[in-house]
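Peer 1: As they're listed, the protein sequences go chains U and C.
For what it's worth, this note's numbering labels the leading residue of the first sequence as 18, then goes sequentially.
For what it's worth, this note's numbering labels the leading residue of the second sequence as 4, then goes sequentially.
Treat the hints as calculated values from the structure; they're not laboratory data.
Simulated crosslink set (EDC-like; lysine to aspartate or glutamate; CA at most 20 angstroms straight-line):
#, chain 1, residue 1, chain 2, residue 2
1, U, Lys167, C, Glu149
2, U, Lys149, C, Asp30
3, C, Lys203, C, Glu178
4, U, Lys149, U, Glu111
5, U, Lys76, U, Glu89
6, C, Lys203, C, Asp277
7, U, Lys149, U, Asp109
8, U, Lys167, C, Glu145
Covered stretches of chain C (chain U as the covering partner; in silico rule of three or more C-beta atoms under 8 angstroms from a C-beta of chain U):
#, segment
9, 35-49
10, 52-66
The beta-carbon is built from N, C-alpha and C at its ideal position, and this holds for glycine as well.
This is what each chain is made of:
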Amino acid sequence: MLLTDTTVLLSATTAGESYSDFVRSYLTVGIFALLALALVATLLGAGALLRPTRPQPGKYLTYESGVDPVGEGWAQTQVRYYIFALLFVIFDVEAVFIFPWATRLDGDTELVDSAGNVFEVLGPYGAYGLIKMLLFIFVLALGLVYAWRKRVLRWM
Amino acid sequence: MAMVAQAVPVDVLPGDLPGEVVPPVVDWAALVPLIVLALGALLLLTFASLLRGRVGLRFFTAWTALVGLGAFVTAIPLWARVQGWADGFAWWDPADTPAGPFSTLGGALGVDGFSVLLTMLIALAVVVCSLVVAGQAARDGETRAETHVLLLLSAVGGVVMVGANDLLVLFLGLETLSLAVYVLAAMNLRRVQSQEAGLKYFVLGAFSSAFFLYGIAMVYGGTGSTSLADITSFLSTNLVVGNSSLLVLVGIALMVAGLGFKVAAVPFHSWSPDVYDGAPTSSVAFMASVVKVAAFAGMVRVLLLGFDTFAADWRPILQVLAVLSLVGGALMAVVQTNIKRLLAYSSISHAGFILLGVEAAGTQGTRAVVVYLVAYTFLVIGSFAVVSIVGRSGDGAHAVDAYRGLGRVSPALAATFTFLLLAQAGVPFTSGFYAKFYAVIAAVDAQSAWLAVVAMLSAVVAAYLYLRVVVLMWFTAPGEHTPAPGLRIPATTGWALAACTAITLFIGLLPGPLTSLADEAPAVIVEPADPLAGSGGGDLPADLSDLLGGAGVPTGAGNGAP
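Please model the complete structure; the sequences and the hints are all you need to start from.
Peer 2: Shown next, in the form of structure tokens:
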């Protein structure tokens, strides 16, 4: 299906009329996908053809640095970690927003034109950005207070 | 050059410097209802956690109701401004700010009759829902503030949606609304069905949000903007054909699918009976009312304000959705043996009626949508309030058989439920009659008379199922599932029921006030005021332009057409 589409696209490219540049630019994606598939198929196929095949039960064991594996592959995880994961996400998002903001908060710029007039320009985000970010941090802080009072921060 | 050298220093205007961020003009007065709701929710959460154990359900309920009323009251000056009341109201003074619909936050949020009226409706719905929630929580011995906080937070999203003039803002509102509601659905920790409902709602809701977002991406590709004002002006000044029109059409279809999930229109409805059945009944009252109000408001804004020029393309889609919802909802409801599933299917059928109004694509249609939403909100909250009482402790007795002989056990409750069910069926002298009446009128005026016929036939089928419950309540003997005599009606739920019944009866007897309000509430789109207008923007000295590397072209409010 993909192949026929690409052929149609190719013929359209030569005709030069039926498809817009927008659609035609996806041709690269199609060719890339085909190449990727071909590469994987070639490598895996070559491996399957060339390697010797001698199955033994020992080969199906889990490899653990040469030691025979003991017990089950399934293990229980402490569910209490998920609370920390949730809290982490909150502060992670906070950091994601604050870092780019902080790099652009800085700097009133002074500009001087040829007549010697000096222009003062506030930093990119200015007071508006500062207030916005303080509000954002305030709301997150309320969330932290809530988590603290809910005894989420205590190891139980 | 000589003239420039002698010129007095000019101020560098906002947006003149490369890389400078111009903050949008914010009309704070327009955001007051939104801020009241959001701040109310955050403060309640903080108080409740800081004063753990010292404040109870009574405080949470009173706070939520007050915040809801506060949002309602602070929306009145906005209504006064939009309608241009001659002598102003509260902090709106016609002498200071001009009357009429306007938009703020760079045109992202519109304040028009439609958005203000529906904001008020959502605020009132929050008040009534908080009473229903409190009644059920008091009976079941739960004292959590979170349910009330989530009601308020969800309402914030709803208020954003009813005023959104930008597809991405609409999406933000949709997510705020939905995330809170997913949690509300899973709020009953003792019932495994509630957990299942929460997960099911979350998965399908996230799925539908993805549809909606994909639709936005397509529309952006086709028109070069996500702002409804820019989309409209682009589509009306450009002939959109070929691939661009394909992108826009796919975008519209995906967005209709996304919103169709939220309003539970028929091919996208399958979650709704399961979720309504599993979720706590008092939360369902909120889900069935506020979520639908916000989703239909979003649908009206997107389709009517953004894609009016494509009406010939999306109207057939909505016609199919409407017919399927009307017929499917009514027919499926008949065979249900669980009252919550029955009401879920009946609300799907109601969604079909509201789709008639959206489909009409005009002022008549918008009026029908508004009237129907107002009537339906209080009907559905009242009905689920009754169900939450009859469900009894544990919120589990929801078989239709539980209503057998209810008239003998609790005549007042049975009479209220009968009235609300008859109103849902559209019996005259109730709000449901006028709601259905205007929806049918809108369909007929929009040359879809066949749709009106289908709607009326489905209303007849739906009447059968409401009457079935009424007959069970009054003309059969109490069975083993019927509540024991002396069924207690929690006080706050009683007030909510009284309010819903009173509003339903009032609209049924005197529809004039509501319809005149709805007539004054068309959805309109207003371009944002140019932040540079009147400040003499655009006259940079030539050498300053050179200084800025030629990038100092003033960025006025363009119409976004690429």
